[in-house]
Amino acid sequence: MRSFLGVVTFLFAAVASAVSTKGNRLLVLLDDVAEKDGYAKFLGDLTARGYQIVYDTPRSEQLSLFELGERQYDHLLFLPTKVKGLGPKLTPNILIDFVNAEGNILVAQSSTHSASTSIGNFLAELDITLPAGRTGLVVDHFNYDTITASEKHDVLVLDAPEPVRDGVKSFFSPSADAVLALPNTVGHTLGAGHLLTPVLRAPSTAYSYNPKEQFDAVDADDLFAAGKQLSLVSVFQARNSARVTVLGSAEMIQDSWIEAKVSRPNGSKVTVANREFAKALTGWTFQELGVLRVNEVEHHLTGDNETNPGIYRVKTDVTYGISISEYAWDSWKPYNLPENDAIQLEFSMLSPFHRLDLSPVSVTKDATVFGTSFILPDQHGIFNFRVNYKRPFLSVVDEKHTVSVRHIAHDEWPRSFVISGAWPWISGIGATVTGFVAFCAVWVYSKPTPKAGKAKKTQ
Amino acid sequence: MRFSVASSIALLAGVAQAASSWTFSDGTVELSPRAGGSPQVHKLSDKSQVDSVVSLGVGEKIKVSLTTKEGSTSKKPHQAFLILKEASGLEAPFPLTVKNTGKGTVEISHRDLPIQLLTSQSPLHASLVLGSFGSSSASVSPLFDLSVQLDPNVPKPTYEPALRYGKQPLIHHTFRSEPKNPPKIVSIFFALAVVATIPALFVGWLLLGANVSHIGEALSSAPISHIAFFGSIISMEGVFFLYYSSWNLFATLPAAGIVGIVAFLSGTKALGEVQRRRLAGKR
Chain A
1 MRSFLGVVTF LFAAVASAVS TKGNRLLVLL DDVAEKDGYA KFLGDLTARG
51 YQIVYDTPRS EQLSLFELGE RQYDHLLFLP TKVKGLGPKL TPNILIDFVN
101 AEGNILVAQS STHSASTSIG NFLAELDITL PAGRTGLVVD HFNYDTITAS
151 EKHDVLVLDA PEPVRDGVKS FFSPSADAVL ALPNTVGHTL GAGHLLTPVL
201 RAPSTAYSYN PKEQFDAVDA DDLFAAGKQL SLVSVFQARN SARVTVLGSA
251 EMIQDSWIEA KVSRPNGSKV TVANREFAKA LTGWTFQELG VLRVNEVEHH
301 LTGDNETNPG IYRVKTDVTY GISISEYAWD SWKPYNLPEN DAIQLEFSML
351 SPFHRLDLSP VSVTKDATVF GTSFILPDQH GIFNFRVNYK RPFLSVVDEK
401 HTVSVRHIAH DEWPRSFVIS GAWPWISGIG ATVTGFVAFC AVWVYSKPTP
451 KAGKAKKTQ
Chain B
1 MRFSVASSIA LLAGVAQAAS SWTFSDGTVE LSPRAGGSPQ VHKLSDKSQV
51 DSVVSLGVGE KIKVSLTTKE GSTSKKPHQA FLILKEASGL EAPFPLTVKN
101 TGKGTVEISH RDLPIQLLTS QSPLHASLVL GSFGSSSASV SPLFDLSVQL
151 DPNVPKPTYE PALRYGKQPL IHHTFRSEPK NPPKIVSIFF ALAVVATIPA
201 LFVGWLLLGA NVSHIGEALS SAPISHIAFF GSIISMEGVF FLYYSSWNLF
251 ATLPAAGIVG IVAFLSGTKA LGEVQRRRLA GKR
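Residue numbers (UniProt numbering), protein chains in the order written: chain A, 1 to 459; chain B, 1 to 283.
Careful, some of the hints might be misleading.
[As the list claims (entries may be wrong)] Some, not all, of what chain B presents toward chain A, calculated at C-beta under 7 Å:
hint	residue
1	V129
2	G131
3	A162
4	K167
5	I171
6	R176
7	E178
8	K184
9	A191
10	V195
11	T197
12	A210
13	N211
14	A218
15	L219
Rather than coming from a laboratory, the hints here were simulated on the basis of the structure. Every residue, glycine too, gets a C-beta built ideally from N, C-alpha and C.
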């Protein structure tokens, strides 16, 4: 029985490694397990990608994220629930522990359900702010679906997101002219933290309001956020590369919307790309995308065969190379840098002496080697070769290799005869030696001369 | 029948509304100066923006007031935002307080502006967004440009830009400068000048009568000692030369010791012979 379990876990692990880099145990939390039928296409896509999905409700007795201190699940998916709190099994602390244990969380929200306090506090911990009372609805009187929401304007029709800034990988744009439909969206705002990245921001004319209280007009004091300050889909990547994603509209991944046809005011009917977007979003959150692996780091004296020596001399020419792979859906691929981005090598003692861009040197089937050559600084001490590559949407790469850099030994300096400034001194030594030997000869073998005798007498 | 009439009326209304859009009228932007003075008033229009740049100084405030309209009837919209946009694309919304009659106002002073807009180098662009539920089309009207004047006597407010992951500026180590040599011709000149002292020394000695005439006498009285002693002096210089060119200290010290012992043993005899010659008055 035990060996059978072992085989099962082994197989389980093998399957897990085939789907995501972090395993395939996915827990989906919803009010009522029957609600999953509304998400059949979305969840079917996940199953087809190899996830073992467990459905549960927050009220369930046997629900537990940890068993004997180990994670029970690799990924968590929160679908909107009506309950106010998620109970003692899913407190914000436990969710933070889950992230600290490298578990990934996808939170889907809907304006028809107030977010639970547990989710609200958990997101607040990540510096993601939900509207007051955790209830809000994003409307845009310019970009709405005229087919289903011509009156209430609560179905946003937006272009697929572009990268937030230069040099960031774009994982979430299915195609250039793809359109997303977001019904009943809850917006959120992001703090200034560098671990947070917005994926989809509201258009500049959109705003969030509370449909229960602000049905008449939005007061200046009660406005939660508007325009691009309002994020609809955001991601958080912790320092341990665990990922948390907030999806403002859970309806967009329901069967009724995932492949719906929508039309903007004065626009034509188009089919939304929600399914592709949801695939990219879950793929990224559950670490099927944007996961980097360092295969090997190699440094050596240029032109020398010894790899990774522990000691170098100042002012020698050193070659450094780092081999990086990127996981994409089901396999490791060579990593390609986005435009205007660079992997940088720092050669540092306390602070960097050199910070250099690494360029791709060679590409193999599953890895790219980035490398450069440079001259070690004229300062001896303990130095680090450090590649600190942290970028939005990519898992953390921080490689540090320590080496000693020694000064020039006494017999490694140029000899004095090649230094032209030393020539008068060298000839001075020659003159002294010649003079000394000649003086010895004269002193030992000289015969007194009359001339010398006279000179003595005159004295 | 009744139902169909009602629905057709609703449909007609919908069509009529679909043609209408949100606009405003009677719009003004009023700049009230700090100490009394008459306020500057610019008229706003939904067709074109104000030509001159409105400048907002310390303690001053601008007040935008207008009447919102759906089509031609005054009505309160759900969204009436004055949006200030900075050149970088950063926006700040200022919702208007609108009465049911459609009269809306908003006041903006330095205190209301986020620091990024307050310290903006170029004028801010103000536009008005009007929109509401239903089929009337929403509108964005450019209103005016606003330049924010800060008090030149007060230090500019600063803010720390948030940390963002990305590539960092390159650093190249600045090496200490290489040791420099004087021009070679100068070194050669002084080297030759030093070497020239040897013939000068020999000429001087010869003029003073220096010679080595007793060499035959010395060699005949103590041949081995004299050869060994003088040889050891020359070989000591040879040892020093080898130390300079190739040997290390461990090769040099034994060699120097052997040469030294030879010099000591042969020197006692050789120098004794020299002393005898001196005592005999031959020196």
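Outcome of the hint check:
no.	hint	result
1	V129	5 Å, holds
2	G131	3 Å, holds
3	A162	4 Å, holds
4	K167	5 Å, holds
5	I171	4 Å, holds
6	R176	6 Å, holds
7	E178	10 Å, violated
8	K184	5 Å, holds
9	A191	4 Å, holds
10	V195	5 Å, holds
11	T197	6 Å, holds
12	A210	5 Å, holds
13	N211	6 Å, holds
14	A218	6 Å, holds
15	L219	9 Å, violated
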